[in-house]
Structure formats: C-alpha cells, structure tokens
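Each chain, written out:
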Amino acid sequence: MIPAAVDYVRADSAEAAIAALAEAGDEAKLLAGGQSLVPLMRLRLATPSVLVDIGRLDGLAGISVDGDTVGIGALTTHSALEHSADLAAACPLLAHVAAQVGDPAVRHRGTLGGSLAHADPASDLPAAVLALGGTLVATGPGGSREIAATDFFTGFLESVLGPDELLTEVRVPVSTGGWCYQKFNRRAQDWAIVGVVVAEGGAGVALVNMGSTPMRAAGVEAAVAAGASAGDAASAAADGTEPPTDNNADGDYRAHLARVLTERALVAAGA
Amino acid sequence: MEVSVTVNGTARSADVELRTLLVHYLRDVLGLTGTNVGCDTSSCGACTVLVDGRSAKSCTLLAVQVDGADVTTIEGLAGPDGLHPMQQAFHECHALQCGYCTPGMVMAAVSLVDEYDDLDAAGVRVGLEGNLCRCTGYQNIVAAVLAVGE
Chain A
1 MIPAAVDYVR
11 ADSAEAAIAA
21 LAEAGDEAKL
31 LAGGQSLVPL
41 MRLRLATPSV
51 LVDIGRLDGL
61 AGISVDGDTV
71 GIGALTTHSA
81 LEHSADLAAA
91 CPLLAHVAAQ
101 VGDPAVRHRG
111 TLGGSLAHAD
121 PASDLPAAVL
131 ALGGTLVATG
141 PGGSREIAAT
151 DFFTGFLESV
161 LGPDELLTEV
171 RVPVSTGGWC
181 YQKFNRRAQD
191 WAIVGVVVAE
201 GGAGVALVNM
211 GSTPMRAAGV
221 EAAVAAGASA
231 GDAASAAADG
241 TEPPTDNNAD
251 GDYRAHLARV
261 LTERALVAAG
271 A
Chain B
1 MEVSVTVNGT
11 ARSADVELRT
21 LLVHYLRDVL
31 GLTGTNVGCD
41 TSSCGACTVL
51 VDGRSAKSCT
61 LLAVQVDGAD
71 VTTIEGLAGP
81 DGLHPMQQAF
91 HECHALQCGY
101 CTPGMVMAAV
111 SLVDEYDDLD
121 AAGVRVGLEG
131 NLCRCTGYQN
141 IVAAVLAVGE
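Quick mapping for you: the protein sequence lines, in order, are chains A and B.
Numbering-wise (my numbering), the first sequence opens with residue 1 and increments by one.
Numbering-wise (my numbering), the second sequence opens with residue 1 and increments by one.
Hints listed in this document are in silico derivations from the structure and should not be mistaken for laboratory results.
Yeah, the Cβ is synthetic: ideal placement off N, Cα and C, and Gly gets one too.
Incorrect hints may appear among the rest.
So these bits of chain B aren't anywhere near chain A, every CB distance computed over 10 Å [as the list claims (entries may be wrong)]:
#1 Ser4
#2 Ala11
#3 Ala14
#4 Asp15
#5 Gln65
#6 Asp70
#7 Pro85
#8 Cys98
#9 Arg134
#10 Cys135
Looking from chain A toward chain B, a few residues come up when the C-beta cut is under 10 Å (computed) [to be verified]:
#11 Ile2
#12 Gly102
#13 Val106
Produce the complete structure using the sequences and hints provided.
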C-alpha cells in the first residue's frame, strides 16, 4: 500500500530537527533509516502528519571507544555496527546482535537509535543494549539528558522520549566478558519468537518478545550473581513476564523458550 | 518535491509527492520496470536496488530519502561488453525459473559478494534471507552467487 499523504522536513542539524518536532506537535515522526517506520506507514498503522528526516545528519553516526565506554551515534547503521573492528574488539556482543537484525538490505539503512526509539519488544538491539547496561542520550529543546536503558522502555512501542526529543547517542560499557545471543524463530529474516541476550558472563540478561517491552531478566541475573548453575538460574527466566500469544506461539510456549534459551545462552557465555 | 537521483549513471529528476516510494519513482516516474514490487511488506526483496552501492529495499524507502544518491537498478548492471558477472552466473547456473524475484535477487547478490569476504554456501543463504524465491528452491541461486563470490 502507498503511505498516506505526509509533509516532510529535511533537518540539517540536530537543533533544526528538534525545532521542527516542536513546531509540528505530537503527530510528527522522526525519519532515520525508515526500516520500521516506512513499513508501518505503508500499512497505514502509522500516519504521521510530518516526517522530520534526520537521515543526513552524518555527525550523529559513528563509533568511538573512550576508556571503558563505547559511544555510538544514534544514526549508526546496523551494518556499520556489524562491520566495525572497534566494536568487535570493545563490545563484540553488540556487533553480533546487529548482524542478526533483518537482512543485509535492512541493515544498510536501519539505525541503532531508530531501533531503540521504535521500542519494539521483538527487536534484537534494544535487548542487547539493556543487557549491556547501556545509556541513551536524548536531546530536546532544553538540552541533553542521559537515560539508563532500564528506564527507557515504558510500553509497546513506547519510551520515555518526549515528542520533541531526539536520540543522539547510545553508550555501552566496554564489554568483553562471556556473551551470547539466542534468537529463536522459524523462518529466516523473521523477528525473534523469543530471544535471550546474555552479557558479561551472565551479569546482564535481557529478553526479546517476552512482554510489551524489551526487559531485563532480573531473577536470572540475581541467581547468576548468587552462584547458581546455568540451569537453576535459567528457571527464573520467565518470572514476572507476560509473554504475548500470537500465531507463532502462545505465552506458555514462550515462557518455555525463554527458560531453554536462557540456559543455552548462559552456558555459552560461561556463566 | 523535486527529487534528483543518479540512476544507472544518468542524472534524473522529477517532482513527486512526498509519500512516493523509491520503487514507484523508479517504475512509474522513470519507467524502469525491471525492479519488481512483490510483497508490500519489506519481506520479499523483489524490489532490491543498490543505493550508493549497497542493497536496499526500494519499497521501504521514500524517494525523498535518496535525493542526491546513486541508485543502480537491474537495468544498469550490464555493460557494453555484455552481462554483469552475476547476471552471467545466474544464466549459466540456471538460477531462475519464473524470474520474478530475479532482479532483486541479482542486486542483493551483487551487494552481498561486495560486502562479505569468504562467502560459503551457508553465508550466501543467510545473506540472501531477505530475498524470497518461490520456484527454484535456492540451490542454483546459491551456486551462481558462489561462482562469482569465490
């Protein structure tokens, strides 16, 4: 289907984008790579009045390692994450997860900031940033603020980002401890039916598609910290979750998958 | 809005609605109908083109997003000396039956072998996961891509 009619503003700076958002009001949407937004517009599930195109803000793309922190511009594509030698050395988990998103054509256009701002619980990268204990930097009319990834996601496709805020950077700690991403689906290219990300040997564990938001598996993390075996720790993977039921799986099956995948991921990560 | 794109080496420009998708810009405005529309959901890859040398699904891009970019479609692959090596490999390996997915498949394959070194059969299958073929069972497509990528 063809998207509904829409106005368009091409931003030439982050400040211009924020100003355009503030002027356009609640019905404006930021357009980065568009790999989530344009399909939704085609289905007319999203009908923004104005698109504020930030896709040319090259200053918001790039990966830099400073001490024990990796700073990633919000417009960095999944493909750039996948192929970055710096990221492979400083945070191989994030580079690997980026390579599991969609297919190469999607990864060439889709951006890390876009994936986080879209806040889809079935997406790969939000769970990875959660498991890593990342921090998001949002910029609005009043300046910038840092948001812990654990505080960012508030509901299905919803986050704490204000309507006039722009994600500018994602920061994750340098993380070379044991890690694993278990993504379970039936067809190539699909979203995960359930996914489990383990970072730093089990210190960080996050779940994909186990509720209305990407989420940490706090019970698993606590059990690992207390010295539990991978199997015992994984038994807590679905605790407190409300996994969805859909054509791919019912909630009970998703809970089962979460436990099985968590055990596999913990073992692979050396927990 | 005026959208200017270099398509297959030629500067093209047209005034289009802001909601115009790149695939419609190519097909309906420029008359380049080699790029097919398949699934409408960004899944099948029939509409794959190269944007600045990298594969992209032209049904999932607005034309305004590629204003100023270089776009290569299936019509732009062959040169004065004949078919592009990937087209030739598809021909020699019989990597198509009905042909509907073929333009997108070839463009995705060209991008894939450029992007990834040391491709093996498994890597080609994963790398082409965004391009669906309902006829061939993929075997000969994988063989064609490997013939170029190795």
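Here is how each hint holds up against the structure:
{"no.": "1", "hint": "Ser4", "result": "holds, 13 Å"}
{"no.": "2", "hint": "Ala11", "result": "holds, 19 Å"}
{"no.": "3", "hint": "Ala14", "result": "holds, 15 Å"}
{"no.": "4", "hint": "Asp15", "result": "holds, 13 Å"}
{"no.": "5", "hint": "Gln65", "result": "violated, 6 Å"}
{"no.": "6", "hint": "Asp70", "result": "holds, 14 Å"}
{"no.": "7", "hint": "Pro85", "result": "holds, 19 Å"}
{"no.": "8", "hint": "Cys98", "result": "holds, 21 Å"}
{"no.": "9", "hint": "Arg134", "result": "holds, 14 Å"}
{"no.": "10", "hint": "Cys135", "result": "holds, 17 Å"}
{"no.": "11", "hint": "Ile2", "result": "holds, 6 Å"}
{"no.": "12", "hint": "Gly102", "result": "holds, 7 Å"}
{"no.": "13", "hint": "Val106", "result": "holds, 7 Å"}
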